[in-house]
Structures are given as C-alpha cells and as structure tokens.
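Starting from the known structure of chain C, arrange chain F on it as the hints suggest.
Residue numbers (our numbering), protein chains in the order written: chain C, 1 to 224; chain F, 1 to 205.
Simulated from the structure, these hints should not be mistaken for laboratory data. There's no promise every hint is true.
In the EDC-like style, the derived pairs of lysine to aspartate or glutamate whose C-alpha atoms are separated by at most 20 Å in a straight line are [said to hold, decoys possible]:
| id | chain 1 | residue 1 | chain 2 | residue 2 |
| --- | --- | --- | --- | --- |
| 1 | F | K129 | F | E87 |
| 2 | F | K129 | C | E14 |
| 3 | F | K148 | C | E84 |
| 4 | F | K129 | F | E93 |
| 5 | F | K129 | C | D185 |
Covered stretches of chain F, as calculated for chain C (at least 3 residues, CB under 8 Å) [stated by the list, open to error]:
| id | segment |
| --- | --- |
| 6 | 45-59 |
| 7 | 64-75 |
| 8 | 79-91 |
| 9 | 94-102 |
Cβ coordinates follow ideal geometry from the N, Cα and C atoms, glycine included.
The primary structure of each chain is shown beneath.
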Amino acid sequence: MSTLQIVFVLLRRELMLAMRRRGDVLTVLFFFVIVASLFPLGVGPDPKLLRLMGGGVVWVAALLAAMLSLGRMFASDYADGTLEQLVLTPTPPVVWITGKILAHWLVSGVPLILVAPVLGVQFGLSNEALVVLVFSLLLGTPVLSLIGAIGAALTLGLRGGGVLVSLLVLPLYIPVLIFGAGAVDGAMSGLGSEAHLSLLGSILILAFMLTPWAVSAALRISIE
Amino acid sequence: MLEGKDLACVRGERTLFSHLNFTLNEGELLLVQGANGSGKTSLLRMLCGLLTPEFGEILWRGEEIGAARETYHAEMAYFGHAPAVKEDLSASENLDFSCRLAGIPVDSDEVKGALGHLGLGHCLNLPTKSLSQGQRRRVALARLMLVKAKLWILDEPLTALDQAALQLVQTLIGEHLRQGGMALMTTHQPVMITGIVPKTLPLTP
Numbered sequence: 001m002s003t004l005q006i007v008f009v010l011l012r013r014e015l016m017l018a019m020r021r022r023g024d025v026l027t028v029l030f031f032f033v034i035v036a037s038l039f040p041l042g043v044g045p046d047p048k049l050l051r052l053m054g055g056g057v058v059w060v061a062a063l064l065a066a067m068l069s070l071g072r073m074f075a076s077d078y079a080d081g082t083l084e085q086l087v088l089t090p091t092p093p094v095v096w097i098t099g100k101i102l103a104h105w106l107v108s109g110v111p112l113i114l115v116a117p118v119l120g121v122q123f124g125l126s127n128e129a130l131v132v133l134v135f136s137l138l139l140g141t142p143v144l145s146l147i148g149a150i151g152a153a154l155t156l157g158l159r160g161g162g163v164l165v166s167l168l169v170l171p172l173y174i175p176v177l178i179f180g181a182g183a184v185d186g187a188m189s190g191l192g193s194e195a196h197l198s199l200l201g202s203i204l205i206l207a208f209m210l211t212p213w214a215v216s217a218a219l220r221i222s223i224e
Numbered sequence: 001m002l003e004g005k006d007l008a009c010v011r012g013e014r015t016l017f018s019h020l021n022f023t024l025n026e027g028e029l030l031l032v033q034g035a036n037g038s039g040k041t042s043l044l045r046m047l048c049g050l051l052t053p054e055f056g057e058i059l060w061r062g063e064e065i066g067a068a069r070e071t072y073h074a075e076m077a078y079f080g081h082a083p084a085v086k087e088d089l090s091a092s093e094n095l096d097f098s099c100r101l102a103g104i105p106v107d108s109d110e111v112k113g114a115l116g117h118l119g120l121g122h123c124l125n126l127p128t129k130s131l132s133q134g135q136r137r138r139v140a141l142a143r144l145m146l147v148k149a150k151l152w153i154l155d156e157p158l159t160a161l162d163q164a165a166l167q168l169v170q171t172l173i174g175e176h177l178r179q180g181g182m183a184l185m186t187t188h189q190p191v192m193i194t195g196i197v198p199k200t201l202p203l204t205p
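Isolated chain C (complex conformation) (with noise of 0.2 Å):
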C-alpha cells in the first residue's frame, strides 16, 4: 500500500475513535469558549477595551485549549500497545506521525476554528476582523498540534507529563500567538494583517516539515 493510503487509513480510524469518544472532543471545545468568556466578567463589560482584546483572548483560549487536548495525542495508543505496532509497521514513522498530527488537528483544531467567529462576535470584532481571526486560525492551530506533537511525544509515559507538556510547549506556542493575534489586532486597526498572515503561513509551512522529524525521534526515546 503507498503512503497516502497508510496515512488516509489512520485518518479514518482517528475519525472512528473520535466518533465514538465524542466527550473528549466537546470538553475541549467547552473549555475554549468558557475561557473566552471569562474576561469580560474580569475585566468589565466596558465595549471599546473588549474590542480592542477580543482577537487575543480568543487566540490564548485557542492555545490553552489546544494544549488540552494534546494528552491524547498519544497516550491511549502508548498505554494499549499500538504505539509499538505503528513503530513495527514497516511504514516509515514520519509518514503515520504526519497522520495522527493531522488527526489531532481535524479533530481538535477545526471545532475551535468553527466556534471562534461566535466568540469574536462577543467581543465585538469587526466582520473584517472576523474573517481574519478565522484564516489567522486556519493558518495557526495545525502550527499548535504540529509543535505539540513534539511536547506530547517527548513526556509519554511521564509521572505529571500533563504539567510538563505545557511548561515545554507553551513557550514555542509564543510566536504563533504574536502573529495570530497581531493580524486580528491589524485588522482591527486598519493596518492590514497580510504580513502577519504571512509569517503565519511561513512558521506553518516550516513546522509541517520539520515537526515529524523531531516527534520520530522523540516518540523512539519514550518508547525505548
């Protein structure tokens, strides 16, 4: 079988698994917009301060949620052993880890995408700040599930790997939160948000090519 097929195969058994799971994917989703909805009651409905943080809230709720949801990344499939058979598949790992990270974003990723105009709305963003917030998104969160692969392969098996994953990833998380939130902020301003968007697509483009690499040779280390 060729590669895409091994890689379209996972996707479907990811999708199954997350059919059947779906809680998992809703507390994910659920801790996204409460979040969110947090800072208005901290900081007071005042509508001028709301707008101008709205697109920064939304995307530090995004990377906290993100980093939620990477536990499972690959934790279940190291505890019931096929983790060890994916590594003995004669496939090589890059190809399966480009797999289950795209898994990870479908299933993670794309719901906040989806929720986020709604909370942008309750910031009160502009509708051009809006669309910018969504493709600043698009653009970002597979960046989040590509970094966090590394986090999550690297603590498998760990005693509190849940706290040390955050501690390892939160700060690579940092540029993509500088730029994603700085395009909302552009638009918002009228500054234009196409060189942000741009780093963005730049920092995506080098992480999908880097990434799997660097989860390979960390998913052989846990597992060893």
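Structure of chain F alone, referenced to chain C:
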C-alpha cells in the same frame, strides 16, 4: 536467518544478560527462558528493533535489522504484553485497521474467518471494551494469522488464555513453523507442539 551476535542488555546499572549468541532458522522455534526480571521482554523488544542493544548486533538474512528496517518489519510480527487493541472499536474493526496499517489489505471475510478460528465469531461487532482480557489477546492473536509474517516474536502469548485457546495457539505456531516460518517466544508454561522440538535460550547475567 535471524542471528544474534554477542548481545548484551544493560538496564540502569544492572547487566541483564551479556555475550548472548543464537541463530534461528526456518521451521525452528526458540524458547527464551529465564526468571522474572531476567530480561526476556528486553531481549524480544531488542529483536524487534524497539530497543537498541548495548552491545552486539542482530542480523536478519545477514543484514543489520536497523539498516534493513523496512524489509525486516514487513516480515516480522510482534505480539507484546499490551494487545494493541482499541477499546472503542469492535474486534473486526481493530483487526481490519491493524492489518491495513501494517500494509496488508484484508477483506471482511478474511477478518471474520480469523476471528471465527479463534473462537470470537459471536462477538465480531461488540466494542472490545466489553470483552475479557483473554478475548482481547485472542483478537491480537488473530492479527498474527492475517499478516502472514515470516518471523513471529511472541512475548508470553499463552498467558490469560483458557485450555482450549492454549491448544489452539500451539497448533497455530506448529502450522506456522511447518510452512517454513520461524518463531521466538517467552513463556512460563510447558510448550508441546507435535513434531517440533524447540531450541532453548537461557538468559543469565
């Protein structure tokens, strides 16, 4: 065909075994023997390529297994402690996915046949979380029947199985060996396969 040369395994500060040599040819069964904690599982994981040996080399058809990774993994099947069965999928879905991911397309009749052979014909479509430990191990054993690997590396394949399944697994191993396959296994139970005299490999520090 499978050769271990001067293998050593060190876990932490302790040397589990060293200067281990063996060869395994077509139609042969090798029983790895040793007390708990003597490094049987470590040796098997080493032979799969999951663990790098501290010392020595492992050859498959004369080639280092690390260098011949793809051909070696295509011809080898590993049965580990964890059955590699997803709880939320049914037995037949599990089997279908694990064969396809190993690069072997199977149709539903083959899957049904293998599961039926292992006595799981009545629970093909139940999620495996409702199956017992022994039944899950039977699902994992059904995978061995379908992937048709040349070399079987089996880590305690006989635990958690009832008498009938014990007999069945030994018959399966016997058939595999008669068709020119090779098997390497650990077990604490007596192994009796008609027509096969197993080689033994004791592990000592």
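Hints, verified against the model:
1. K129(F) <-> E87(F): 5 Å, holds
2. K129(F) <-> E14(C): Distance of about 17 Å is within 20 Å: holds.
3. K148(F) <-> E84(C): Given pair K148(F), E84(C) holds - Cα atoms ~18 Å apart, limit 20 Å.
4. K129(F) <-> E93(F): Within the cut-off at roughly 13 Å; holds.
5. K129(F) <-> D185(C): 48 Å, violated
6. 45-59: Our answer is that it holds, as 5 residues pass the Cβ test (under 8 Å) against chain C, meeting three.
7. 64-75: Three-residue rule met by the segment 64-75 of chain F, so holds; n is 5.
8. 79-91: holds (count 10)
9. 94-102: Coverage by chain C holds here, the residue count being 5 at a Cβ distance below 8 Å.
Checked against the numbered hints given earlier, this structure breaks only hint 5.
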